[in-house]
Amino acid sequence: MSQPSAERMIEARGVQKWYPNGFHALRGVDLTVHRGEVVVIMGPSGSGKSTFIRTFNALEDFQQGTISVDGRALSNDLRDIDAIRREVGMVFQQFNLFPHLTVLENLTLAPIQVRKRPKAEVEEQAYALLHRVGIREQADKYPGQLSGGQQQRVAIARSLCMEPRILLFDEPTSSLDPEMVREVLEVMRNLAADGMTMVVVTHEVGFAREVAHRVVLMAEGEVVEEADPATFFTNPSHERSRQFLAQIL
Amino acid sequence: MPSSPPWWRDRRVIPWLVQGVVGLVVLVVIAFLLGNLVRNLSAAGLLLSWRWLGQPAGFDLSESVLPFNAELPYWRALMAGLVNTLRAVAIGLVGSTLLGTLLGMAAFSSNGLLRRLAVVYVEVIRNIPLLLQLVFWYFVVFLSLPNGTDALQFPGVVLAKSGFYAAGFEQGHWHGPALINGVWHAPLRLSVELTALLTGLIAYTSAFIAEVVRGGIASVAKGQWEAAASLGLHWSITLRRVVLPQALRVIIPGLNSQYIGLAKNSSLAVAVGYTDLYSVAETTLNQTGRAVEVILLLLGAYLVIDLLISAVMNGLNRLVQIRER
Amino acid sequence: MSPSLPQRLRRELMATPTDAVVSLVLIVAITAAAVGFLRWALFKAQWVVIQANSTLFAVGRYPIEQQWRLWLLVTLLTAATGLGWGLLRGRRWPLHDRIAAGLLTALALWAPAALSLSLAIQLRWWALTALLLALRWVVGVWGPGWWSGLSPLGRRLLPLGWPLLYLTGMVLISGGLGLTPVSPSEWGGLMLTLLMASFAMLLSFPLGVALALARRSDLPLLRWGSVLYIEFIRGAPLITLLFLGQNILGFLLPGGVAPDRVWRAAWVLTFFCAAYLAEAVRSGLAAVPRGQFEAARALGLTVPQSLARVVLPQALRTALPTMVGQFISLLQDTTLLSLIGLLDLLGTARSVMANPAYLGKNAEVYFTLAVLFWCCCAALGLGSRALERRLDTSRSTTNPSDSAPSPAVA
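Chains as they are written, first to last, in the working numbering: chain W, 11 to 259; chain D, 191 to 515; chain Y, 10 to 419.
Calculated from the structure, these hints are not laboratory results. It cannot be assumed that every hint is accurate.
As the list claims (entries may be wrong) - What the simulated footprint calls covered on chain D by chain Y, stretch by stretch (three residues with Cβ under 8 Å from a Cβ of chain Y suffice, anywhere in the stretch; the number is not a length): (1) 222-228; (2) 298-304; (3) 324-332.
Said to hold, decoys possible - Partial chain W-side listing against chain Y, Cβ under 8 Å, derived: (4) Asn67; (5) Leu69; (6) Gln73; (7) Asp92; (8) Arg95; (9) Phe102; (10) Gln104; (11) Phe108; (12) His110; (13) Ala120; (14) Met172; (15) Arg175.
Stated by the list, open to error - Far from chain D, some chain W residues (derived; all Cβ distances over 12 Å): (16) Arg18; (17) Gly46; (18) Ala68; (19) Asn86; (20) Arg89; (21) Ile122; (22) Lys129; (23) Tyr137; (24) Gln148; (25) Glu230; (26) Ala240; (27) Pro246; (28) Arg250.
Cβ atoms here follow ideal geometry from the backbone N, Cα and C, with glycine treated the same way.
Taking the hints into account, I'd like the entire structure generated from these sequences.
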């Protein structure tokens, strides 16, 4: 496990969010993520963990607090938001691959359209990334022809093709059959080993224990506890954490 | 939140900007068109007024439920036309629902010939324009019917070139159609124009209603059929008492759009010489030149009819849902 | 063991006593109707009314000296269809293609003769059919090779040939650019019907997509504006809208200037069709999961890019069958033009029947028209279902079925 540097990639302070129906989803959340760090966020459903990481690339907005990503503050400025989205990749629980494009086209669409890179160069990179996640031979197939685990690996490769500096994972293995979870976690493990900054919302305790630098527990829109995995899983300091661990372990 | 970005990059401002621009463009276009409209109308002396509705119409209606003659004012002519439309629509709705439901159920019959015939009927009707079917019924079929003693006579019903005659109650007695001095009389009489219109409308709409019904029945889970069969119920009883009530939840919204379609299609009556609302409006416009007012009345009337049909169907829809609880 | 024919008949027709009676009644009725019809069609009907007026039915009162332009247009269309068909299919001739080719040949041999067209014109139709099938075969053999050698720019430009052809067709029909103008009041028959239907469909497409996007937008002005438009159009019978177009349009422009009646009707059809298309596209948009848009945005694509490259392609694919159904309705709705005095196919038919020489020949004319419409609409319907199946399978087959990709893919 590589050591994270001191450079701050994500800084969130006092983030508050209310949904239009009045529900208080985030109640003053703080988080700092350093370059090369792998942070795993866990918590019961409805704790706001998915909502929280979706604020990092402006898929969710927030009413109070500050968030700065890769040195840029998240504001209402479209230029800032677009710049942040170029540097932050996201892997969804539902994969969200584009079914009408081939696997290769899924990867090359954004770099060509957003970063304006030449097609041949992007395709070469795409093939290399597909090879890295282990499915190079599926490049010309359509997502519908692949298994769930393969699709999620394509989704990871698709995010990587934009050369992001941070990768967000929103419950990436929750929709997969158990036998496919391993292959996706393997890819994520390798990414961490290569020094990628990752924020992962997941229930996979094994992954958290072995790969994460830090585990964050969220409940009811607040951060309950933050600790390194060894401490968190064996001797947490808060009662709420103990309750949660009792349910999942 | 940090300092506000310039307005053209601010994502809170952009939605309002877009709406503002679109709204402005639309307003400008409408203002331009309306301005021209008013200017051109006043130049022709046709500025918006409703007083002409009180002037005598000067034309007759070939048939009308409300009593009408050429000396009555325009508004009564339009009224009569509206009632004619409603009459045709009401009979059309009933007829096409009956025929359409039968055809839709026939798709599930155990008789292979009947099933295929229903499919052929629907496929033929759907691909031929309604107007063509209407003029066919009127000019080719009904106008070539024999008249007088040669008229087609069935028990209780007579089909002649002069119209459709059916038995019914008249002054307390049950009368059948009778030939008096070479002219047919009967308690229930539909002119040949209305008969042709209804035949065309019903034949056409029932094909679409058949598809709605068929789709609705098909949407009911196969398990219902199997359960009924294992209880020994005949397919027609299963259909009527088990499947159809459940299928209604899917059928009624589909029927709504078909009914509205029929109401709108009734405006084609002008092609067969039946004086419905559109036909009267057309004549009125040709005589008075009052284009804007006549068209407003026309569109308003059909809109009200559509809303009425939708209101009734939505009410029915709610009824069918409640019964499920 | 599959049941034998007598067993199958018994099961289909006589499963129960009522079924047997019903079958008997139906068979008697159908036979009687068929015999009566055949007797009329072969002996009593006088088909000369169709034969004598075939040009009228085809192109209306288009001036005879200028009809060479229409022949040119038909030739260009035939060539383009042959090229496109060949590129699409390549060397293979699947069953559908063979049936289509057989039907076309049979039609080319029978129809001109049945219509008692002059030998010169018959030969022209044979030549056109031969051109179509020959191009299909030739391009099928050499086309895919040429296509894969084509530069990316060339591949993007080639599908533009169709709009270009359409514009050329418009110029050929109406005149201008050195050709004698032919006023729209002289257009008629099948040509006018197809022209109006295609014009309305093509122009209503972008408008319908815009309306659908507006209807689903969060901006209240766009959404309510779009709802107002769509519900207004859908609540009005088409004839009243055509009526409105004919009478009010003249007042809406400065100086009371009004375009030709044909164009007024064409625009009304366009705005009418757009409302119904919008509903079809809207249901297509609703079928695309929200995550698709989010994923596109998360990758950094702008809203227009996300819509154009991710959401709309999927939405349009889902909505395609409904849209083709809309086109079939539009084709049938062109008959309403006869009620406002235009000489579409039905209008031409009625003017033909008003001719004293052909009084009383309604049945022959209407029957021919009915067959014509039925064939066109049924063919479109079959095509739509085939397209539906092809789009479904293109995502689950390993190899696309042809050597050349469909030029329509972006």
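Outcome of the hint check:
For a cut-off of 8 Å, the count of residues in the stretch 222-228 of chain D with a CB near a CB of chain Y stands at 3, and the three-residue condition holds. Check on the stretch 298-304 of chain D: 6 of its residues sit with their Cβ under 8 Å from a Cβ of chain Y, so the three-residue criterion for coverage holds. A stretch counts as covered by a chain when three or more of its residues have a beta carbon under 8 Å from one of that chain; for the stretch 324-332 of chain D and chain Y the count is 4, and the coverage holds. Checking W/Asn67 against chain Y by beta carbon gives a least distance of about 6 Å; that is within 8 Å, so the hint holds.
Of the supplied interface hints, the one on W/Leu69 holds, with its beta-carbon coming within about 6 Å of a beta-carbon of chain Y, less than 8 Å. Violation of the interface hint for W/Gln73 is found here, the shortest Cβ-Cβ separation to chain Y being roughly 18 Å, above the 8 Å cut-off. The interface hint given for W/Asp92 holds, since its Cβ lies 6 Å from the closest Cβ of chain Y, which is under the 8 Å cut-off. For W/Arg95, the suggested interface contact is upheld, since its CB lies about 4 Å from the closest CB of chain Y, less than 8 Å.
At a threshold of 8 Å, the smallest CB-CB gap from W/Phe102 to chain Y is about 6 Å, leaving the interface hint in force. At its closest, the beta carbon of W/Gln104 sits 5 Å from a beta carbon of chain Y; the interface hint therefore holds under the 8 Å criterion. Because the smallest distance between the Cβ of W/Phe108 and any Cβ of chain Y comes to about 6 Å, under 8 Å, the interface hint for this residue holds. Interface restraint check for W/His110: the shortest CB-CB distance to chain Y comes to about 5 Å, inside 8 Å, so the restraint holds.
Taking 8 Å as the C-beta contact cut-off toward chain Y, the hint placing W/Ala120 at the interface holds, the least distance being around 4 Å. Interface restraint check: W/Met172 against chain Y, minimum CB-CB distance 6 Å, threshold 8 Å, status holds. At about 13 Å, the closest approach between the beta carbon of W/Arg175 and any beta carbon in chain Y exceeds 8 Å, and the interface hint on this residue is violated. Taking the minimum C-beta to C-beta distance to chain D, about 16 Å, the non-interface status of W/Arg18 holds against the 12 Å cut.
With a cut of 12 Å on Cβ distances, W/Gly46 stays outside the contact zone with chain D, its closest approach being about 27 Å. Interface exclusion of W/Ala68 from chain D breaks down, the closest Cβ pair being 8 Å apart, not more than 12 Å. For W/Asn86, the shortest C-beta to C-beta distance to chain D comes to about 5 Å, within the 12 Å cut-off, and the non-interface label is violated. Here W/Arg89 does not stay apart from chain D, with its beta-carbon only about 5 Å from theirs, under the 12 Å limit.
With 12 Å as the threshold on Cβ separation, the claim that W/Ile122 sits away from chain D holds: the shortest Cβ distance comes to roughly 24 Å. No Cβ of chain D approaches the Cβ of W/Lys129 within 12 Å, the least distance being about 29 Å, so the stated non-interface status holds. For W/Tyr137, the shortest C-beta to C-beta distance to chain D comes to about 36 Å, beyond the 12 Å cut-off, and the non-interface label holds. Non-interface call for W/Gln148 relative to chain D: holds, since the shortest CB-CB distance, roughly 37 Å, exceeds 12 Å.
Look at W/Glu230: its CB is around 25 Å from the nearest CB on chain D, clear of 12 Å, so calling it non-interface holds up. Non-interface status of W/Ala240 relative to chain D is upheld: no Cβ of that chain comes within 12 Å, the nearest being about 38 Å off. Separation of W/Pro246 from chain D is adequate, the least Cβ-Cβ distance of about 34 Å exceeding the 12 Å criterion. For W/Arg250, the condition that its CB be more than 12 Å from all CB atoms of chain D holds, with the nearest at approximately 31 Å.
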